[in-house]
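Sequences listed follow chains E and A, in order.
Here UniProt numbering is used: the first residue of the first sequence is 1, the next is one more, and so on.
Here UniProt numbering is used: the first residue of the second sequence is 1, the next is one more, and so on.
Take these hints with a grain of salt, some might be off.
Unchecked claim - Distance condition first, Cα-Cα at most 27 Å in a straight line; then the derived DSSO-like pairs of lysine-lysine:
| # | chain 1 | residue 1 | chain 2 | residue 2 |
| --- | --- | --- | --- | --- |
| 1 | A | K191 | E | K21 |
| 2 | A | K217 | E | K122 |
| 3 | A | K191 | A | K108 |
| 4 | A | K217 | A | K108 |
| 5 | A | K191 | A | K217 |
FYI, nobody ran anything at the bench for these hints, they're computed from the structure.
In this text, all values refer to a predicted model and were calculated from it rather than measured experimentally.
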Amino acid sequence: MTTTQTKPLAPQPDVDTAPLKRLRRDRALLQAACIVISLFMLVPIYLISLAALSTRESLNDFPLSLLPTNLSFETLGAFLGSTGILGAFGNSLIVGIGTLLISALIGIPAGYALARFAFPAKEPYQLFLLFTRALPIVVLSVPLARLFLTVDLYDTTYAVILLHTALALPTTILISASVFLSVPIDVEEAARVFGCTPAGAFLKVVMPMALPGLAAASIFTFVMSWNEVLGASILTLDHRTLPAQVLTSLADSPLAYRFAGGFALVIPSIIFIAFMRRYLTNMWGSTIR
Amino acid sequence: MTVDSPPAPVQLDTPARPRRIPPAVLLIAPSIVFMALLLGWPVIQGVLQAFRSDEGFTLDFLTRMVEDPYFWPAVRNTLLLIVVMIPLQFAFAITMALLLRSNPRLNKVHFFVWAIPLALSDLAAGLVWLSIFNDRGYLNSVLTSLGLGSVPWLAYDNPTTLFLCVLVAEVWRSTSLVLVIVVSGLQGIPKDYDEAAQVFGATFWQRLRHVTLPLLKPSLQVALILRTILAFQTFAVAQALTGQNFPLVVGETYRWYTALQNPNVAAALALVILVASMLISVFYLRALRDKGQEGTR
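With the sequences and hints as input, model every part of the structure.
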């Protein structure tokens with residue numbers, strides 16, 4: 001026993017353990033780097049939550065406590081109770097859902113055409129889509145405000161829905177095209193062989209397979225609309241969306257109100273990303289190119 | 001008729017026979033009409049609005065825009081922000097993507113956390129960092145507790161710290177977009193290349209420089225164009241953090257439209273953004289394509 005053990009042990013001092021140690025050290029550094037970056041991302045979110053959930057008096061303290069010692073919903077309640085905020089919440093929801101529906105209605109058929117058919121002006125059409133993604137929101141908002149004034153749409157949620165749909169449509173078309181490309185054409189042909197009409201094959205076979213991807217695309221549209229500030233605040237006066245409402249009352253509001261506003265804008269985004277995380281790379285990676 | 005229509009998908013392989021309106025045209029027509037009305041028409045109107053008054057063609061609005069005391073600082077700030085932020089956040093995003101690629105523990109959690117700002121508006125980011133950078137905010141609280149004394153980060157007479165605050169907030173918010181594009185680009189690159197280079201003794205930096213980055217070029221190109229165009233549109237961060245103290249071009253458009261009630265000058269400012277975005281896209285497409293060709297030669 002002892003002889004057999006000493007034999008394999010004997011050459012051990014010669015084994016160079018440095019690479020192994022270096023590997024371990026690198027792994028540890030790597031983990032540490034990841035944690036540092038995660039902290040950089042999370043700490044601001046923690047702090048805004050802390051600020052929004054502190055009492056008004058504790059916000060006046062200095063130095064501020066970094067631990068949740070004075071939690072209350074007073075600040076947040078005051079923010080939600082201030083004029084226009086609940087209405088703005090509602091408007092944001094209406095605009096987001098309206099944008100989602102219209103851009104899906106117009107964008108999904110176009111995406112399907114792009115994925116399945118060869119048609120004369122396909123290349124220019126795709127270039128046109130890429131070009132429109134580069135259009136800054138400001139360029140559209142100012143002239144659109146004037147147009148909407150003349151057709152009595154100014155200061156309505158419809159105006160904002162139309163603007164957001166225009167902004168989201170190119171992305172919706174490109175994303176839904178890539179979603180449809182990932183549905184094999186064979187299943188569609190099989191459905192047709194068994195007697196489905198083109199519309200039937202689309203609704204009964206392609207749609208169920210494409211639905212998760214399309215749902216993810218729709219959430220993206222909603223997020224874009226939920227976050228858009230400039231266009232919404234130019235196109236409306238009384239029917240503002242939440243970001244527009246917060247932006248316009250920024251200058252003459254106390255810090256506590258701003259923190260509560262920031263918190264109200266941050267929370268939905270965490271929920272969105274939690275829903276979307278499986279689709280993030282597919283959504284942005286494969287489609288934009 | 002209905003019997004005739006099913007072979008439509010067959011056109012995929014054979015050249016289209018233009019006998020009647022193909023279904024594809026019917027499917028894309030609504031989107032073309034919609035975008036012509038709500039994207040094309042406003043752009044044309046915007047150009048007209050900037051150059052036309054009641055008496056016909058005029059450069060008045062352009063001169064008013066240029067003579068405004070906030071205009072040149074706004075242009076300078078916007079360009080400075082882009083020039084500093086874009087390289088910084090690309091380095092940051094590529095580092096993050098490479099960290100994720102090396103499969104650290106909890107890498108799904110890290111990715112989720114790093115992607116959260118993707119769904120944040122720049123207004124929200126500004127407000128988040130306001131809670132940290134304001135005079136009685138968390139950063140000064142920490143500095144004071146450490147006995148370092150507080151710094152007026154957002155004071156109007158301190159342009160350097162103003163710029164740094166806006167920069168940090170924007171990098172924090174917008175790097176996740178670059179990250180997601182780079183991560184999906186990396187997923188498309190087989191690890192074999194990297195491992196082969198490793199076998200032949202290439203160091204980490206050599207592999208990054210000669211293997212990974214060239215293969216990532218298409219993703220980086222997309223990310224660069226998108227990010228730069230979006231960076232031109234930054235304004236709510238600065239608005240939330242500094243009010244008027246750190247003017248940016250889009251913020252000026254907003255001010256001319258809402259506070260000064262002059263849509264024509266606002267339209268002129270919007271055109272500045274449009275032209276800059278177009279030029280930058282063309283520049284990137286050229287620059288990255290030319291390098292690519294040299295690489296293949």
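Consistency of the hints with the structure:
no., hint, result
1, K191(A) <-> K21(E), "24 Å, holds"
2, K217(A) <-> K122(E), "25 Å, holds"
3, K191(A) <-> K108(A), "19 Å, holds"
4, K217(A) <-> K108(A), "25 Å, holds"
5, K191(A) <-> K217(A), "16 Å, holds"
Consistency with the previously given hints is maintained throughout, with no hint failing.
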